[in-house]
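Novice: Residue numbers (the working numbering), protein chains in the order written: chain A, 1 to 458; chain B, 1 to 375.
Honestly, the hints are just simulated from the structure, not real lab data.
Now the in silico label distances, taken between C-beta atoms and shown as ranges: (1) A/Leu50 with B/Thr221: 55 to 61 Å; (2) A/Pro399 with B/Glu77: 43 to 49 Å; (3) A/Lys417 with B/Glu220: 53 to 59 Å; (4) A/Pro399 with B/Arg63: 25 to 31 Å; (5) A/Asp414 with B/Ala163: 31 to 37 Å; (6) A/Asp52 with B/Ala194: 57 to 63 Å; (7) B/Gln84 with A/Cys403: 31 to 37 Å; (8) B/Glu179 with A/Pro399: 50 to 56 Å; (9) B/Gln84 with A/Pro376: 48 to 54 Å; (10) B/Gly288 with A/Lys51: 55 to 61 Å; (11) B/Ala163 with A/Pro376: 31 to 37 Å; (12) A/Pro70 with B/Phe251: 42 to 48 Å; (13) B/Gln226 with A/Pro70: 50 to 56 Å.
All values derive from a computational prediction rather than experimental measurement.
Note that CB positions come from ideal geometry on N, CA and C, so glycine has one too.
Each chain, written out:
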Amino acid sequence: MVGLLLRTTKNVYVWLVVFAFGLTAVFAAAPRQASAECVFPIIPTSYDALKDRQMFLDTIELAAFNMLFPGDPYFGLPDLKFGPRNSRLTQPGQIPPTLLKAISWIESSINQTTGDGPWGSIGPALVSFDCGHGITQVTTGMTAPQGESGRATPEQALVATHFAYNIARGAWILADKWNSAPEQRPIAGIDTNGLPAIMENWYFAVWSYNGFTGPGANRSNHPLDPIYGSWPRTPYSCGPANDGLGHNRANYPYQELVFGCAANPPHVDGKPLWTGTPVSLPDLRDPRWSGPLGLANFIFPYSRMDIPTPQPFHLDPTAAPNPALRQQILGQPRMSVEKTSIKVGYSPGSGSTFEVVEIQNSGTGLLTWYAVASEPWVILRPYTGVAVGDDLPCESKEPGVACVRTGKLEIGIDASKAPPGTRNVAVRLQALGTNQVIIITVEVTQVVRIGAPGVVKN
Amino acid sequence: MNAQPVPRQSAPLPIKPVLIGGLLVILFFLSFASLLLDTRPIAPIASVPPLADERIVYVVFGRLADTVYSAPAANPERRTVFFQAPHADQFGIVASLSPDGRAIAYNALPPGTMAPSPESPAELWLRAIPAGEGRVLAGAVDLRVRPLWSAASDAVVFRRSTANGFSLYLSSIGGGIRELVTSGDALFPVAFSAADSILYYVALSDRGSDLFALAVATAETRHVGQLSQEMTRDWVLSPAGDRLAFLSLSFSADRVASRAMVFDFASGTVSPAGGVDADEFNPTWNGGSLVVGRLAGERGVVEAGGAAPLGLSTPTRGFDVPQGWSASGTSLIVRTFEGSSASAPGRSVLNLLTSEGGRIQVASGEVTFLGWTSP
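Turn these sequences into a full structure, and let the hints steer you where they fit.
Specialist: Following this line, the structure appears as C-alpha cells:
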C-alpha cells in the first residue's frame, strides 16, 4: 500500500513536472525576437522616460558638452579636429547640443524603447531593421555580438539598454564622423577654419551619421539626387503639421532633416522640445557649394568636396548644463535579487523549466544588469536588461496595478547539450558601470523517464 | 452607291440636288441597316471634356496616413476622399495615377515599422478609384522611386535595392512579377513607349545620367544616350515619344542653375529647352509643346520651352512649378512657392491656372499632385 502510494506520489510528481513544462511553454512571456543579424537574439529591456523627454534632453546636453563620461574611450567625446586641410589642430570635444537633439528626434523621436508600454516604464529596447539601437539608433558595432561565446559585450549591452550610454555613444559616433575629415571626408567651413562651434560646419558630419553616400545609392543623402521627389522642396520641420513646412521624411536627405529639425523643433503637448536654432544649408545656386557637390567630385577621399561655411552661420546658444545634473541622471544603482539559489529541471527531448529571477534596483537611476553563466548550456533570456530606481518615474500599463521596476531574468537549460545528472552551475550577475556582482547558484536536475509508466529516475 | 435618276423625256431634271438628296437617303438607310446588323456597343465619340468635368487627384500627407483626394477643377473646394493610405510614422506614400485614371499605385512603409527609414522595405500597393480595396502587389520595394504605370494601365514598374545594386521589376496588376534589369548603377524608371513595348529608364552613376531602352518582351537593353555628366531629374517623355525632357544642373563661373533640357531620340543630342538664363523646374509637355517653371531674379513664371509667354497668371510673389496639364490643355496645375529661389523656396500651395489667366487654389499644406481624371 505504501509502495503504491509512493509510486503514485512519484507519478504525480512526474506529471507535475510535465505540466510545469507545459505551463512554462504556454504562460512564459515570449521574449521579443530581435531583427535578424543584430547583437541580441532576444531583445533586452530598456527604459523610457516621461513623454516630455526632459531627462533625455538633459542627458543629450551633458553628452554634447562631454560631461557624461569624459575620458571614456567608448562613451566619452574625443578631441575634435579643426583648421586647414593640411594643418589640423585639435580641441576638446563638444557638439552643438541642438544638432544632437535633432539627430535623436529624427532617429527615434527620442525613444529608447519600442513604446509598447506607457511613458516612464520598462519595455523592449528599440531596435530597427538595420540594427539601429535606442535613441541615437547606434548601428556601428551593433550588428553582431563582439563578446566571448557569441555574446554582446558590456558596452553593447549598455548601448542597447541604458539611455545615457546610448546617447553618449551616438555623440561619440557623430564626433568620429567629424574627425573623419580630412582623410576620409570633406571639410565644411574651409573659410572659418572648420571650427566645430559653427553649426553649419557639421554639414558633412551629419550627412555621414546616416551614411556618406552619394548619388545613386538607395541611402543617398546627396541633396541633388533625383530620388528626392520634388525640386525645389519646402524646408523640413519637426514641428506641428500645420506650420506650412515639410514633414514627410522620405522627401529629404538626412542633413536637411536634421538642420530643419534643429530650426523647427518637435512639439510635445503643445510645447517645443527646444528653442529652434536656424542652421543654413549650402546655397546650391552658388558654385562655391554646388561645384564641390558635383558628381565628378564624389570620389573617395572627397578632397574636392570641401566647401565654405554655409551662410549665414550660427552658434548653438545652449549653455553648458549644471554638472550636478550628471549625478542626478545616472544616480547610484544598487542591485539586489530575491533569491540567490534556484532549481531548474530538464529532460532530454522535452525541454527545461525556466525560473525567473527578479532583479531590483534599490538605489537610484537606471541599472543595467548583465548575466553570464558558468556553462554554455545554461540559457539566459535575456542576458541583459534594466531595473529602475525609485527616483525615476514609473508608469503602470494598467490602472490600479503597480508599475514594474524590476528586471526579469529567465534561467533554463538547453536540454540537448546539458550533461546528464544533477549539478550546480553559477550565473554571475553584474550591474554594469559599477562593481556590483551577485552570484546565483542554479541546481540543475535532469528528469528521465524509463520503461514502465509512472517510474521516474532522477 | 449613287442612284442615277432616269432622265425624262420631258423637262430636264435638277441633277445636282437630286443626286445629293438621293445620296443622303441612301446613307440614312445604310446607317439604319448597320445598326441592325452590328451588335457591338457604340463607342462614344472622343471629345475633350470641359473643365467643369475634369477632376484633380492629389495626396495630402499625414503623419500616420496620407489622404488621396479628388477635386473638381471647377470648384476645388468640393473635394472628396478617394481613400486613406496608412503608413509608417512620418513617411508618406509615393504614388502615381494610372494613365486611364482608374487606379493608383503607391509605395508605403508599413504602419508600425520600428524606427523607419527611407531604406526600410516598402510595399507596393494598388488601389482602384474611386472605390476599391487596396492590395499589395509587391514587397521589399524602394520607397522613394515612384511606381511607373504602363501606357495601358495594366502593369507597374518598381525598383528594389539588393546587395548587388538595383533592380527594376514589372508587376502586372493581374498578378505576377518579372525582373527586368539589374545594375550597380541607380536605376530610375522613366516612361513606357505608347505601345508598352519599350521601357525607358535612367541609370545614375559617377559617370552621370544615361538613358536606356529596355524591350519589355525580351528584357534586352540598349544604351540610348548620355543625358548629362551630372545628375538629372524630372524626366518626362513627350506624347509623341520622340523627345525626353528633364532637368540638369548647369554650371557657370558665377552661378549654378537647374536647366530644362531636351534629348532628341532621332538625333541623339541634348539641347536646352530655351535660351533663357534662369532656374527652370519640372518640364511638362502640353501636346508637343514643352512648358517649364522659370525663375529669373525675382520673377517666376510658367513659360514655353522657348520662353514664349503662355498668358498664364503669375504669382504675386514667389514662383510656380508646373505639375500637369488638363486633358483639354487649357488648365495647368502648379505648385506655387512663396520664396525667391530654389535654395530658399519657402512654403508652397497647389494652384490651378486657367488659360483665361485665372488662379484658383486647390490645396495647401504638404500636397502632391498625381494627375487629372475625367468621368
